[in-house]
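Engineer: Chain by chain, the residues run as shown.
Protein chains: 2
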Amino acid sequence: MFEAAELGRKISREDFDALAPGLRTDLLALQQQLRQADFPVIILFAGVDGAGKNETVNLINEWMDPRWIETRAYGQPSDEERERPLFWRFWRDLPPKGKIGLFLSSWYHDPLIERVEGRLSVAELDEALTPILRFEKTLADEGALVLKFWMHLSQPAQKKRLKSLEKDPLTAWQVTEDDWKHYEQYDKFIAAAERIIMRTSKGHAQWRIVEGVDGRYRSAVVLQTLKEAIGAHLAARGVARKVVAELREETRDNGAAVTAVLPQQPSILSSLDMNRTLDPDTYAQALQEQRARLARLYRAAIEARLSTVLVFEGWDAAGKGGTIRRLTNALNARDYQVIPIAAPTEEERAQHYLWRFWRHLARAGRVTVFDRSWYGRVLVERVEGFCSAEAWQRAYAEINDFEQQLTGHGIVLCKFWLHITAQEQLTRFTARGEIDYKKWKLTEEDWRNREKWPLYEQAVNDMVERTSTRGAPWTLVEANSKPYARVKVMQTVADALESALFKRKK
Amino acid sequence: MFEAAELGRKISREDFDALAPGLRTDLLALQQQLRQADFPVIILFAGVDGAGKNETVNLINEWMDPRWIETRAYGQPSDEERERPLFWRFWRDLPPKGKIGLFLSSWYHDPLIERVEGRLSVAELDEALTPILRFEKTLADEGALVLKFWMHLSQPAQKKRLKSLEKDPLTAWQVTEDDWKHYEQYDKFIAAAERIIMRTSKGHAQWRIVEGVDGRYRSAVVLQTLKEAIGAHLAARGVARKVVAELREETRDNGAAVTAVLPQQPSILSSLDMNRTLDPDTYAQALQEQRARLARLYRAAIEARLSTVLVFEGWDAAGKGGTIRRLTNALNARDYQVIPIAAPTEEERAQHYLWRFWRHLARAGRVTVFDRSWYGRVLVERVEGFCSAEAWQRAYAEINDFEQQLTGHGIVLCKFWLHITAQEQLTRFTARGEIDYKKWKLTEEDWRNREKWPLYEQAVNDMVERTSTRGAPWTLVEANSKPYARVKVMQTVADALESALFKRKK
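Here the protein sequences come in this chain order: A and B.
One gets the working numbering by counting positions in the first sequence from 1 and adding 751 to each.
One gets the working numbering by counting positions in the second sequence from 1 and adding 751 to each.
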């Protein structure tokens, strides 16, 4: 879930200085409109200590008109507060319509920390999230715009950041013992955060994960998100529709400045080392080894009635078919099924979009390979506009939920994105066109999809960010070299199986 | 919650025979339209054993075209099913678009029974409801119409029904040992049911509670609900809008036949014995006794830091003010506050509608009396159209949640509906008009509200059905006699306080 927020995204001082004045003007203009609006804006910051929560809140107060902003941070409840129900203090502090409320260490703080420190079980954490879900839902139902930012740092980045804060006498006071305690518990902290974000990211109150290493990048992302979300909410509520439209017209140039800088940021795919390869001898040996290993593990899995579901997604011509064949070669034909996912059948179209995946779940001990999958909704259907934005946005939660039911039932689930570069795809397309018996594989559609490469790249990035979880992680496979890709996939499956079998035995 | 389903509602054979043909024709016509629609209808039946779940499912199959209906009932999962995640069997059985699926003993069955038999704690029950909520949400999000019926019987009615089924050789097989076991556990069963219904009644998948004693009444309610819900969903999805409109035109007479019979059914208010009264001597003595008792209990409550929230609702001129004054006479002025709820202030209008009630929650040990309350949303705001239907419908869940936070914090919560008959109100209005110093109390609005008596009565009935819970029950007060009403209120508060203090001590 946090992979895409550990890429080292940053913005140079020059770029930031170029976009800042326009963005700030827009935000001030929107804030003026907001004062007449019939809803409040509730913005919540949480995340890794040192990832810039306080700095961002300060910046918002600096850039916008602070008379219409209320900032609230919470510590231990007072006597007054303890004598009332838990949420009284948050209700009391809600901003009225037309104002912005910034919340630090608020309603997610206690459940997160108590889970990290082991005072809550996972089930109790979920229980503690229930009133939060209701709280945010009732606020949104009454019209509030609810924005939640998770400011993220990797563990090494957190260490560096805390050290640098400590060194500067002006900021040393910011670093508390608790911060270092949380740093020591980084893994637990992230595991709890992942569950919280997965459970509480709703259409009406979405989490946005922001990489917190670079102050300028983080500020630009948060402020740009604010601008877009407030503008869209004003427009959706029919408030000052005209003014918002005019503002958009005016500020198109400013917007362009920001949006020109932000997408240049590395995506999760650009962080892959695409030069990885295997020489023929190593490949032959590794293939044989992994095949033997898989065959052995699968016999054990069938005996243990341990099922496996494998998901393959990737660019056209990334080699999904060949990889799947190498893998299934290690298995007995009766024990696996490859499900190619193309356009749904008539029967499938008459059902919920997940129904056709549910129906293919195999009996205990079997392997089900999905050649393309339920991720079609957030990839091709999103990019091609085959479903509404509302539908693919809510699909992340539906998919997480579906996969949680699989893994919760003890099924081993591996998900692969086979990645090739645009150049490599072109080479493969051209080669296909030249080989007679492969010509049929190349269609007009392949060329059309190729033109939408950046849109697909964005969709893949979002998919990994929203659906790569501890229980069901994505494996990104560097597939410019087919041998390398095949071995990596087989090895990943074998590792997953081995660890699941080991857990069963315990 | 189930009070309104224990009133002995029934329909005579003649009335039923008069409405049946029209209703049946409408349902068949709607079913034809449904076949072209882009959504399935998912109807779930649950409830007390013997309340007519099976009979209703049979009747639907008999009245409508069974080729477009799929009925599913679940027992112990098969091997096949056990090898897949829990919800696999429900996904597998979902009706396709255009069809109706009837579900018996389905996804609510196990959580309910496991809670009744003590294998799930309350927290674990909530945990088990989470995947159900998600399941229904994703179905509804994709367009499905989800209807849930809770068929209810009181415990004596259940006994009678099971005995009568057993006596008839044709139906004796229907009564299982489990049925009698559930009968023995009736209280636990109802407590679990209440929690489930409260937690899972959502706008997109509402529970409808149906009194199950009389077969004709129960059938008419379910079938009429089906007709209205399918018609509305077809219209809302823009399917066959014209045909639905025509159908409505055609079937107006049939509709009228049903709707003429159903509202004649007793409401929860009509079940009150409005002749209750107290003679002056008894009243004087009881008043003094309860006052002394309250004063004593309140001193103990202040010491124990036990807070109380009292809610007063009722018809105009039902005597709320006088009752509240008698009650607060027993208290020390510094320990209580009476909050009269009229139109919201400017500051309050700028906030969520519940905010103004949250802000009035007092410190530990205090008494807060709400003269009118948050129930305004489902009473006056509903009837007068001051808020959208969507808003007051979702308010039941919001209110239950709010009150759960109060009682969960240990606050004693009593809710009173002061009921007078329309005749008594007229007498009081007229008397007010004749006494100079009371004239100001009588406004044009009072007369206008009076004209909407049946609408308010329906709203009160729904309010009690949806918000009278074990943790926060409504007390309906027969208030034609002011002395009787005052004593009943004081006694109820004293009893609640006594039992809360007793629990604290333990």
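Everything labelled a hint here was simulated from the structure, so no lab data went into it.
Among the clues, some could well be false.
Repeated chains share a single entry, so a pair holds when one copy, or any two copies, can fit it.
In silico DSS-like pairs for lysine-lysine, Cα to Cα no more than 30 angstroms straight-line [to be verified]:
no., residue 1, residue 2
1, 848, 914
2, 953, 1203
3, 953, 888
4, 918, 939
5, 1233, 914
6, 918, 953
Engineer: Would you mind marking each hint as holding or not holding in the structure?
Structural biologist: Hints, one by one, checked against the model:
Taking the shortest Cα distances, residue 848 and residue 914 never come within 30 angstroms of each other, neither inside one copy (41 angstroms) nor across copies (60 angstroms). For the homomeric pair residue 953 and residue 1203, the shortest alpha-carbon distance inside one copy (28 angstroms) is at most 30 angstroms, but the shortest distance between copies (40 angstroms) is not. In the homo-oligomer, the alpha carbons of residue 953 and residue 888 lie at most 30 angstroms apart both inside one protomer (9 angstroms) and across protomers (12 angstroms), since each shortest distance falls under that limit. In this assembly of identical chains, the alpha carbons of residue 918 and residue 939 lie at most 30 angstroms apart only when taken from the same copy (27 angstroms versus 62 angstroms across copies).
With identical chains, the CA atoms of residue 1233 and residue 914 are never at most 30 angstroms apart, being 43 angstroms at best within one copy and 73 angstroms at best between copies. For a Cα distance limit of 30 angstroms, the shortest separation of residue 918 from residue 953 qualifies neither inside one copy, at 40 angstroms, nor across copies, at 53 angstroms.
In summary, the structure is inconsistent with hints 1, 5, 6 from the numbered list given earlier, while agreeing with the others.
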